[in-house]
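Asks: The primary structure of each chain is shown beneath.
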Amino acid sequence: MITIIDLEKYYATEEVRTIALNKLSFKVREGEFVAIMGPSGCGKSTLLNILGLLDDPDGGSFIFNDIEVAGFNERKRAELRKHNIGFVFQSFNLIDELTVFENVELPLIYTGVKAAERKERVDAVLEKMGIMHRRKHFPQQLSGGQQQRVAVARAVVNNPKLILADEPTGNLDSSNGNEVMDLLTELNEAGTTIIMVTHSEHDAKYSHRIIRMLDGQKVTENILADYKSSVAP
Amino acid sequence: MFRNYIKIAWRNISKNKGFSAINVISLAIGLSASFVIGLMVYYDFTFDKFHKDGDLIYRVTTVYNSPEGEDYNYGVSVPLIAEVKQKLTGIQQSTAFFTAEPSKVMNAGFSKAFNNPERVIYADPDFFGFLNYEWLAGNAISAIDAPNKVVLTENRAKKYFPNKSYNEILGETLVYDDSVAVAVTGIVANFKDRTDFTFEEIISLDTGKQSYMQDQITDDNWNSTSSSTQLFVKLNDKNARSKVQRQLDVFAKSNESENAVKYNEHRHFYLQALSELHFGGNYGVFDFTDYNANKTVLTSLIWIAAFLLILGCINFINLNTAQATQRAKEIGIRKTLGSSKKQLIFQFLWETFLLTLFAAFLSILLAAGLIKVFADFLPEGLHFGLFADPFIIGFGMLLLVIIAVLAGFYPAMVLSSFKPVSVLKNRIFITNSHLSLRKGLIVFQFIIAQVFIISTVAVGKQIHFLMEKDMGFKTEAITYIRTPWMDQSLQKREVFIQKLKAIPQIENISLGGSPPASFNTHATEVVYLNGKTEVRTDLELLYGDEAYLNLYDIELLAGRKLRNDTIHEYVINDACRKVLGFESPAEAIGKTLGQGKDAVPIVGVMEDFNQRSLKTQIQPMAFVGDWSRKRYSQFNTIHMQLNQQGSKNWPETIAKAETAWQTVYPESDFKMEFIDQTIAKFYQTESSMTKLLNWATGLSVLISCLGLLGLVIYTTERRVKEIGIRKVLGASLAQLNLLLCKDFIVLVLVAFIVAAPIAYYGLHNWLQDYAYKTRLNWWIFAASGFGIVALALIIMSVKTLSTASKIPVKSLRTE
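Line by line, the protein sequences are chains A and B. So the first sequence is numbered by UniProt numbering: it starts at 1 and just counts up by one. So the second sequence is numbered by UniProt numbering: it starts at 1 and just counts up by one.
In case anyone wonders, no lab produced these hints; they're calculated from the structure. Misleading hints may appear alongside valid ones.
What the hints assert, rightly or not - What follows is a list of derived Cβ distance ranges for each label pair:
#1 Ser40/A to Met413/B: 31 to 37 Å
#2 Ser25/A to Gln326/B: 36 to 42 Å
#3 Gly18/B to Gly41/A: 38 to 44 Å
#4 Glu120/A to Lys192/B: 56 to 62 Å
#5 Glu120/A to Gly381/B: 55 to 61 Å
#6 Glu117/A to Val728/B: 56 to 62 Å
Claimed, not checked - As a list, the in silico BS3-like pairs of lysine-lysine whose alpha-carbon atoms are at most 25 Å apart:
#7 Lys136/A to Lys329/B
#8 Lys114/A to Lys7/B
#9 Lys7/B to Lys119/A
All values reported here derive from a predicted model rather than from experimental measurement. From the three backbone atoms N, C-alpha and C, an ideal C-beta is built for every residue, glycine too.
Isolated chain B, as found in the complex:
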């Protein structure tokens, strides 16, 4: 019986090649998207599943509640560590570590230092008892129990000492930042499974007290929190969570600062489960983790996959119910010969499954392509090889069965319920209910396609708007180089600047802090007393020398620039002026912010410009000099205006700058950034999203149009005789085309009417995230609607015109 089904399925598939192709392609598109997205979901949900007692491991994080809202930090204040270790009950273990970014590491045997070794931590002696590493050399107990010890992973050990055995590496000395010497006391295997604990060099915590981290590691202030301070606990059992949380609440409460109480800002310590760690959410994973899985993104992706799959299934349902009459005779005969309805349903489901299986094979090829297209969107570890994972294979099979049932069940019901008597007498009528269901499904398809199209246009418009909008300062042909942050020497910076000045293509140079718009923020809180009330505001600080404002073309609205590089004066921006309550820029000049020895006069007001992505409003800001130069200079970045006309000479200029860099900072890597590229980076999420949306739109439109084409082919072929008669009676080609397309165009229009408000609502909500938004003009909707109607018409006309232009006598004769 089974073989019989396969045979007839195969013959039916090959008999209707066109329809089968449409079915298979539509399903394959949906499936490939599902496979890739399923892979992403699986990938992200299988992080750190291998740890012993993983369900008892929690990270302690910090949540701030203030009248302005919630704020999060995935670190804790350092004194909490001792408190947890000494007083907290209900936990079996805890470990604390500090993520660090040494700028270089050296060994007597190296010819050159390794710059910026990544994923370095200073960990307390409990660390290796907490996470179970496989030891290749050394042991968990004594590896980091004293100062000046380091444990390397096998990857790092092989990188630093390529020709030595693990035991030979033990005892080697590594020197971090020319000052901290440590002996290699152990080598552990890197975790084989997916993990966020990707540390490569684990230095004993006591060592950190000699490093640049010393201030932080020994910080005893309950009110300073750094995200590099990591604290993990392992509960006694699941039920201990609330008990532990209560104790943490007490620690938080009893160490609140006066100011925090005064301004109603409360801090909580929150237990973040290990399973939540990978989904950074409000937090993040670790300082050096660049990929944050995002549940919202994953959810949207799952929706996209589901939509594409549903579109594919709809094509299947539509084409198969439309073709039902062709199968009717077979069904009648089978029933007469004793087939039960159940057997027929099974037969058709099996046929669907076979097609789905084809689609699946095709989709695996497509998926490989999709993974390439979205390479920059996907985490590094996600590759095609994951398809071999038994879980993924199982999921794939389950999905195929679900799809086959979803797509095949309704057509199977329709077909199998034909009455043999009427079928054999050629008296089958496709009832209206099937027809209206098909129409309903087409409308549904086009609603989805239409929503995608409108969204693509509108999101594209918003992103274009963001990219093109004037930031308020000059962004053309400006580059900047950050000098090595470990090297505080101003003389060296000056030497470097002098060398740069000798390069003719560089027109203007300034020494300062970050560029006007960047990912970095320095902020302070200032108070202004205007006699009656006290105005309190956060104030972002922008550091730069006298050339800075000129270079970035930021103009003054009133007052003057700073008198010199270190004088305590503010040039505030206009936004700050408004927050402080000055009617005009001129009114602000000469007023003082802060009191006593902290009092700083406002000497100028500069025009507003955007400091970050246009998602956010312009914040109060002040342009300042290098106040803390004696302790730590903020002037660490060199900004350059290149010759705008000579952009073809820039590579040469950059090469010259690099040569200059090598003579001043021979040990550091040269990295020059263009400010417009930095700004473009603000919108990385948006550009990935656009790419994704473009694909989703393209694919959904493709599937929907394929389905439409299939139905048009079918209905047109059934009306060949009618077309012939109409032609004989004098109908023109255009009239015939209209006749054939009319019904479908109406459906597409209905879809537009439903889709437009849905899209409007969704986009309106999305735009709320942006402080600066483009308008949702009527033409976005009109153009999208017109576009899809035109596309549908073109696709249909391919078939209808060729049918309508046939010589009528032929079609009539064949009847």
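Bound conformation, chain A alone:
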């Protein structure tokens, strides 16, 4: 599903050029659950932004669903993004001025789904996430766990092929965190590809494969034992 080859990204100020990604290469197949780990500043988030088509690499190749997308302009990236990718953030990133229902509805609006169908789909996903009773509330009125469930609901409402999660449990206590991880696992089992950036070894264990990074490069890649049989190297 995703192939990156020699991916490069720099951040330049007037004096210093920082390399965020240094000729990074790997593949992610459809249906995989991949965790990306590494210390702060190793380039995880940069990678996730590029994978999420929020940012453009400075070099190398990024093939998404057999299409070379490196060098796509903002408009093309947005088009591809809204149909294929869902996001879950550490800080939830819900819009404060919109209710739970309206937040989840947003991606459907941008992909041009009709109002009646939107209602049906949003209600279905809220039901599935167990937050139907909160649909008219605003984000500030919810607990962290509930907010993240809304965020996950929003990420999946469009049935994306890929979900990118940036430390999804970072702001949650362990029980809420586990709930979210269970949700992601369920989604993965239903066929959605998941790439997750995390600091937590505990969370990483939910994945099939862990890519460890340092200074913009892949250092190790271990396939978790439980899944070795199902995922060929």
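Position chain B relative to chain A; hints supplied.
Replies: The following block gives chain B in isolation, referenced to the frame of chain A:
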């Protein structure tokens, strides 16, 4: 999607109530001014649009070119009418009429005469073929085809004959000025749409030959022109204009007088299009039209509206770009979820439009108020109901869209161009370019406000100067009454004077012409031969008896007063003495102006005084007696000096004078005027302008200060932590206040530096219209600049002081 936008717009608006209020109020002020001014423009541009072939209708007017400059008259000389009717080709129709002012109208059935019926004309038989009236009784063909016929409008018919049907009114006889009897032969509906053709009584032209107008109507002199002589033509087609103009040029040329040729004074007949009629311009509309639309005034008004709107938009742009960071997260999320930049721009524009719509509703209420404030400035027919006009509604909607785009586009561009990656990581930096744009806009706002302030102070000073300046004659407690001009009886005037003399509060009485300063002028041309050269000058004439100069406290510089009321002698003013070339007043005494039987000796020189508004210089003038008394007495006005100490008794005095008037002139209306009020009327335009300027200034300052306040609130709140730290380190309240206000005060000062020369230039030009002008002192600028800086400081301090006086620990803890 749309509902989503409305929802989020509404929630954002209500979340930031303060900023939204500033935005809405600023825009509402601009919009209400635009609505009222738009209404005025629309009103004035929709006069006489309903006439058949209106674009082919022209009025013939007269333009004089002489070495002294151009002069205009909206009438023509009477012989031109026959010439046009008989010889002019290229026109399908023409009509001539004379505007008239009969002093009363009577009918056998009336209990009392109607005094001064207004809007009366004597029109030729072509009149009703030229303008299409709706006939309620009678018909266009025969209504005024012979002497002693009159057509009334329905308004006038109902006024004169309230209980009769239109057909019953036909055949009734009206008598004008006790001498001209006419039969009502038709009744027409008043024009429903806006028009300057507001005639109410149309009398057949042949009737006029029996009236007091006879001299004028039958005048065969090509060189006398009265503004009451009106000539309209209807061209065959648009292209005929130049052909018709050429023929008119020939008529003018072939009828030039010898004198005109000698003094290089040329007369042209000019075709004035119907669409120009309402904007009197160099001309005027008709003798009785009191409201003249003025394109220059309308243009200035449009500028004021535009400025106020721009100020409102600037507040919007500034506050919204300043607040951008608060919206950044939402933008980032929306973009991540697939919103395109276009969709975001549209969303923000929509939000702006919604705010603009609020502002519009508010502004309609404000506009109703503004219309009341400017009631005396606006034409009578302009009222709030015009807002329902579809054209105005359309214009309003268009304006709203324009405003929304103007105010919303830049903030929308800024907001929508945020990169989602940086936003979501809280890495947004407000770049310097946005900051300097905001600063630039604030400077621009304050330039406008500052120019308005300086102008208000300077114009106020000039008007105060005009009002207070000594006219050169006494103006306190002097009143005058004009006797009915149709009644030439000197005996009656004398009787009236005797009755007035019996009133103890009246200290002094004089019989004469107009007061020393008035709207009337009588002038003649005189020639003085000093042996070598011939001095030719216009000489204004001031008529009065022996008490006149005393009453007005006008002193003689040399010579003596007139020996009696009818003797042919001049008491010239000092300005005239200088024009004639006499070194000293004494030198003028005994010299003669004119030759032969027209020779008149100068017996005295009086001091100079202003005869009109101080826009004009003192003109050469002579004080004279009632020379033409046998034919027409110029002594028609009674001037009175009231007791200056007893001003509280004046109402009683005036009442007594009115009682006396009733016994002498029972049929005429009593109207007593105070000379100082007459002088104040010279400056009506100026006082309307001051009022307008005060409002424009107030509103522009208000909008600018609101915007400043908004920005100060915003920046101060962002610096709460810094303030806390500085306080902990020992900064005083004053130091903190200075810190917070410094940046903005610099902007206001920059605005002053730019505004001062602009204002100076504009005011300097404006003052050129006045012969007497106040100085543009440095303190006008200094005070205006200081005023706005002080105001800005006070407004900012409201917020900065309250923030700075907070307990620092609190603000630091919340971080």
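Asks: It remains to establish, for every hint, whether it holds in the given structure.
Replies: Right, here's what the structure says about each hint:
Remark: the range hint 31 to 37 Å for Ser40/A to Met413/B is upheld by a beta-carbon distance near 34 Å. Take Ser25/A and Gln326/B: their Cβ atoms lie about 40 Å apart, and the range 36 to 42 Å holds. Between Gly18/B and Gly41/A the CB atoms are about 40 Å apart, so this pair conforms to the stated range of 38 to 44 Å. Checked against the hint of 56 to 62 Å, the pair Glu120/A and Lys192/B passes, with Cβ atoms roughly 59 Å apart.
Taking the beta carbon of each, Glu120/A and Gly381/B are about 59 Å apart, inside 55 to 61 Å as hinted. At roughly 58 Å, the beta carbons of Glu117/A and Val728/B sit within the given window of 56 to 62 Å. The straight-line distance between the Cα atoms of Lys136/A and Lys329/B is roughly 21 Å, inside the 25 Å bound, and the hint therefore holds. For the proposed pair Lys114/A and Lys7/B, the alpha carbon gap of about 18 Å is at most 25 Å, so the pair holds.
With a C-alpha separation of about 16 Å, the suggested pairing of Lys7/B with Lys119/A holds against the 25 Å cut-off.
In summary, the structure agrees with every hint in the numbered list given earlier.
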